[in-house]
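Numbering (the numbering used here), first residue to last: 1 to 618.
Check before you lean on any hint, since a few could be wrong.
What the hints assert, rightly or not - Derived BS3-like pairs (lysine-lysine); straight-line CA-CA distance at most 25 Å:
(1) K263 - K201
(2) K201 - K304
(3) K490 - K390
(4) K304 - K435
(5) K263 - K304
To be verified - Now the in silico label distances, taken between C-beta atoms and shown as ranges:
(6) R597 - K390: 33 to 41 Å
(7) Q179 - P62: 50 to 58 Å
(8) R597 - K161: 31 to 39 Å
(9) P599 - A178: 36 to 44 Å
(10) V297 - R150: 37 to 45 Å
(11) S35 - A154: 17 to 25 Å
(12) S89 - K201: 44 to 52 Å
It is worth saying that the hints were derived from the structure and are not from the lab.
We treat Cβ as the ideally placed atom computed from N, Cα and C, and that holds for glycine.
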Amino acid sequence: MAAPGPCSVSAALQEHLRHLTLQDFPCGLGSWNKSRFAARRSPHGGQPGLWADPARQEEDVPLGEESPEALIELLKDRHSPWALPPGCSPQDQILREVAVLEPKLVHGSNVFQVLRSLRLVDKGVEEVDAGLLQLQQLEELILSANHISRVDSANLPQTLKVLELCCNAVADLQDLCAQPPPELQHLGLGYNRLCGPLQDKCLTAAFWPNLVSLDLSFNNLTDLLGLVSQLSSLEKLRILVLKGNPLALIPTYRGFLVDSLPKLSVLDDIHVGFDERHQFLGLASQPELMRSEARVVVSVGDMKGVPDPSTLQELADDSDFPVITYSYCVTYEFVEGEEFDDGSSAEVTKIHESLEGATLDVDSSAQNTGETKNQQEPAATEEPKASSTKVFVTPGKPWEDAIDCSYRKEHIVKDLMGLKSYLAAGTIVSVVEEKVLSWPVEGDPEEDIDRNKKAGRRQQKDGARGPVHKDKQKKKKKACEFRSDPPIWKTLATRKVTLEALLATEDLVTALCDFGILITEKPPQPPSVEKRLSPQGKKKSKDKSKTPKAESKSQAKQKASTSAKGKIKKKGSSVLEEGQGLQPVPLTVQFQMQLLRWPLAASAQSQESVATAVGSTQ
1 MAAPGPCSVS AALQEHLRHL TLQDFPCGLG SWNKSRFAAR RSPHGGQPGL WADPARQEED
61 VPLGEESPEA LIELLKDRHS PWALPPGCSP QDQILREVAV LEPKLVHGSN VFQVLRSLRL
121 VDKGVEEVDA GLLQLQQLEE LILSANHISR VDSANLPQTL KVLELCCNAV ADLQDLCAQP
181 PPELQHLGLG YNRLCGPLQD KCLTAAFWPN LVSLDLSFNN LTDLLGLVSQ LSSLEKLRIL
241 VLKGNPLALI PTYRGFLVDS LPKLSVLDDI HVGFDERHQF LGLASQPELM RSEARVVVSV
301 GDMKGVPDPS TLQELADDSD FPVITYSYCV TYEFVEGEEF DDGSSAEVTK IHESLEGATL
361 DVDSSAQNTG ETKNQQEPAA TEEPKASSTK VFVTPGKPWE DAIDCSYRKE HIVKDLMGLK
421 SYLAAGTIVS VVEEKVLSWP VEGDPEEDID RNKKAGRRQQ KDGARGPVHK DKQKKKKKAC
481 EFRSDPPIWK TLATRKVTLE ALLATEDLVT ALCDFGILIT EKPPQPPSVE KRLSPQGKKK
541 SKDKSKTPKA ESKSQAKQKA STSAKGKIKK KGSSVLEEGQ GLQPVPLTVQ FQMQLLRWPL
601 AASAQSQESV ATAVGSTQ
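With these hints in hand, go ahead and build the complete structure from the sequences.
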């Protein structure tokens with residue numbers, strides 16, 4: 001069935017009642033129950049009560065008709081073709097049972113006098129029209145997951161006690177506060193578009209004197225002090241939900257609310273106990289501690305499953321040069337802000353500058369599935385972020401079976417809206433390999449000539465004195481100097497880490513990033529000794545073998561090595577067979593992100609002093 005188009009609440013209500021089939025079998029009036037209602041009419045035309053005696057209803061059921069119990073059983077049985085359609089509320093089931101017992105109570109416009117709860121979820125509703133005023137007994141109105149951008153309170157029944165507008169597009173509360181229902185106890189505005197400071201003090205007792213529960217979660221509210229000044233006038237407020245807003249990322253957020261609203265029982269779905277209230281006692285009287293910034297700590301632990309670089313040497317001969325060194329690091333994206341130096345900032349900055357200037361080559365040999373696939377340009381496939389991000393790099397570490405990154409960095413973010421967008425989108429974590437080729441430095445030709453002359457004179461003197469031991473000659477050799485090429489960066493694998501839990505009630509997200517198994521190409525094997533020999537060399541070796549002279553030392557050594565290889569191959573065959581069953585280790589990285597909170601008022605003061613000192617030195 002196609003999704004319903006945009007409509008008003010009245011149109012959606014009529015469509016909803018049509019799906020309930022209140023006038024069709026087994027509900028309503030028809031051949032299945034006509035004699036029952038005809039016999040029950042009084043001489044004055046009055047109607048019997050709703051709760052008539054079921055025993056008397058079972059008596060004398062004519063042929064071809066059904067008892068009320070049998071009809072209700074058809075409604076309740078989930079395997080029945082007349083069962084309640086999916087997505088209906090318990091109130092809808094009660095309404096259908098009323099249509100069985102007393103069909104005239106829900107016939108035509110009479111149904112509007114019976115409805116106490118109306119649930120229209122994801123029905124494409126855009127307008128709360130005046131037709132809703134027909135529901136004079138309505139106490140609960142649920143309009144979640146629609147497209148409502150404004151609510152005119154003049155069109156709301158004054159009997160409302162629950163109004164749920166979660167997952168809509170409400171960006172302003174002025175129309176809702178014009179003539180609000182005076183008895184409203186719950187107002188749900190989660191997942192809407194409320195921004196910044198709320199104007200005209202729309203959340204005060206002047207508009208909502210009986211409000212007990214308020215849900216403002218996952219909006220874009222940033223002014224915590226202004227919001228608390230309004231909520232403090234709500235004497236009956238006991239339940240408050242503000243998680244998912246930028247203001248909830250402030251370290252003193254929960255403590256300030258707990259101390260400012262002493263009658264609050266539940267905050268962000270967490271009970272407020274006496275001990276917690278005692279811990280934050282006095283924090284509300286210190287608004288200067290409410291710095292509009294968030295503090296996030298990123299930690300990177302062990303990195304495992306990196307292929308051994310010694311098996312990746314791609315040299316075609318036995319040359320000693322170039323000397324190749326490998327190091328490995330982890331990169332992650334974070335919203336731009338301030339950072340605390342952790343002792344390795346100089347090295348990270350150097351790597352970061354090299355990484356920005358280099359072209360990252362993504363290793364296509366990594367076996368990843370789904371979101372673990374390599375992504376050279378992750379931004380092209382993701383939703384655009386509200387704020388710019390910066391790539392941070394851990395210090396490079398040499399290869400080990402388990403590389404301990406030991407990385408920790410504290411970020412200070414003042415753009416709370418940008419941080420919320422970043423946490424909602426997640427971060428990109430990558431494993432990067434750095435490869436550096438080093439070559440011996442070639443000296444000046446004139447210096448080499450002078451150095452050779454001096455070496456010749458020294459050899460003549462040493463020859464006159466006697467033979468010089470080889471170890472002494474090695475000690476006299478000067479250490480070889482090397483020059484390094486620019487580093488070659490290669491992204492081994494990339495993965496997205498979800499961080500939405502930090503927008504809810506979680507303060508810590510720990511993820512073991514599993515990038516899958518990296519399949520590395522086998523390095524080319526150097527040519528064998530026989531292939532290196534030229535045809536002329538082979539002929540000479542054959543001619544020499546014909547002579548009756550004894551075998552040379554090199555030939556004997558070659559034969560011995562050949563026989564030894566054969567023995568090793570035979571003995572090692574069983575070992576290779578066992579090794580074939582070993583499973584390769586996947587590439588994993590321990591990644592952690594923590595949103596810092598201040599658990600005590602005293603710690604808030606100490607953190608404030610530290611932040612002030614850091615700000616004065618910058």
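Hints versus structure:
1. Annotation: proposed proximity of K263 to K201 holds, straight-line Cα distance about 20 Å (limit 25 Å).
2. A distance of roughly 55 Å separates the Cα atoms of K201 and K304; the hinted pair therefore is violated under the 25 Å criterion.
3. In summary, the hint linking K490 to K390 is supported, as the alpha carbons are separated by about 19 Å, within the 25 Å threshold.
4. A C-alpha spacing of about 18 Å is found between K304 and K435, which places the hinted pair at or below 25 Å, so the restraint holds.
5. For the proposed pair K263 and K304, the alpha carbon gap of about 51 Å is over 25 Å, so the pair is violated.
6. Here the CB-CB span from R597 to K390 is close to 24 Å, at odds with the stated 33 to 41 Å.
7. The hinted range of 50 to 58 Å is satisfied by Q179 and P62, whose Cβ atoms lie roughly 53 Å apart.
8. Under the hint 31 to 39 Å, the C-beta atoms of R597 and K161, about 35 Å apart, fit the expected range.
9. At roughly 42 Å, the beta-carbon separation of P599 and A178 lies within the given 36 to 44 Å, and the hint holds.
10. Range check, V297 to R150: about 41 Å between beta-carbon atoms, so the 37 to 45 Å window is met.
11. Look at S35 against A154: about 47 Å separates their beta carbons, and that is not inside 17 to 25 Å.
12. The supplied range of 44 to 52 Å is broken by S89 and K201, whose beta-carbon atoms lie about 34 Å from each other.
Of the hints listed earlier, those the structure fails to meet are numbers 2, 5, 6, 11 and 12, in rising order.
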